[in-house]
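Construct all of the structure, not just a fragment, from the sequences and the given hints.
Numbering (the numbering used here), first residue to last: 1 to 280.
It is worth saying that the hints were derived from the structure and are not from the lab.
If a hint is listed, it holds; no wrong ones were tucked in.
Restraint ranges, calculated between C-beta atoms of paired labels, are given here:
| no. | residue 1 | residue 2 | range |
| --- | --- | --- | --- |
| 1 | P234 | A22 | 53 to 59 Å |
| 2 | P234 | Y91 | 35 to 41 Å |
| 3 | S232 | N138 | 39 to 45 Å |
| 4 | P234 | D265 | 30 to 36 Å |
| 5 | K276 | A209 | 17 to 23 Å |
| 6 | T106 | L208 | 47 to 53 Å |
| 7 | R210 | A22 | 49 to 55 Å |
| 8 | R240 | E56 | 20 to 26 Å |
| 9 | T272 | R25 | 42 to 48 Å |
We treat Cβ as the ideally placed atom computed from N, Cα and C, and that holds for glycine.
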Amino acid sequence: MNPMRCGAAILAIALFGNAVAAPQRIVSINICGDLLALSLAPRAHIASITFLAADEVMSPIAELAEGVPRNYGMAEEVLALDPDLVLAGRYTARATVNLLKRLGYTVLEFDIAESMDDARAQIRVAAAAMGVIEAGENMIAKLDARIQAARPRPGQERPLAVVYGPNGFTLGPRSLSGSLIEIAGFENLAARAGILRVGQLPLEHLLLARPDVLLVESESLHAPAMATLVLSHPALRDLRHRITVAEIPRPLWSCPGPWLADALDHLAAARTSVRKRSTP
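Quick look at the structure:
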């Protein structure tokens with residue numbers, strides 16, 4: 001994990017871990033905050049979450065959002081609830097976050113998780129802030145157990161995989177999905193191309209590399225947009241008939257939480273498919 005991220009996480013844990021009492025009116029204005037609040041905090045302590053938490057395209061636990069008041073990240077919505085803890089994102093609803101800070105509200109901001117270490121740190125910080133440290137540690141322990149079970153045996157070959165989405169965007173090793181791809185025993189084509197986080201990979205580069213696995217977020221295949229046309233390119237369609245194609249629901253690897261292990265299950269199944277294809 002990035003040293004600056006690590007330092008910020010340790011400081012946040014120290015501050016929130018010494019809280020006198022668990023917050024009673026938690027408001028989240030960030031999807032990742034929504035998911036951790038729904039997964040860790042007592043329902044009675046959640047005053048509001050974003051509308052995204054109930055959207056199955058964005059949320060792996062949309063059913064848990066039923067009955068919880070929702071917001072759109074607007075300052076007036078949050079202020080009306082007089083929260084004692086606000087969960088926010090480092091890059092979202094900035095006007096709201098800045099106003100809340102000026103008014104003295106307690107705001108916990110999540111950065112974009114780029115690794116499993118980042119994910120664990122965010123779970124710990126969120127759990128400490130919400131006064132549910134034990135629940136956070138239990139979540140991490142269960143997640144780590146499933147991660148360990150999904151790891152391939154040492155010495156096995158590393159098939160070449162690539163995430164390919166609308167407009168040719170792909171995900172590199174410094175992303176939560178990239179971290180999972182590595183854990184699952186794949187080599188990431190994005191890393192070969194020098195893409196560390198998010199970047200565009202020319203279709204020609206992908207075709208020449210001849211990856212073993214094409215990873216496609218399920219939502220991208222069904223989105224009616226010009227940006228998705230690259231996914232139906234004849235050359236890519238032909239390639240998809242000759243290699244393993246795995247669909248992974250985007251919510252499973254977008255935010256820290258136990259659903260990351262579900263994404264790993266999809267990756268492990270893809271790896272098994274590659275092995276079967278290569279067996280005479």
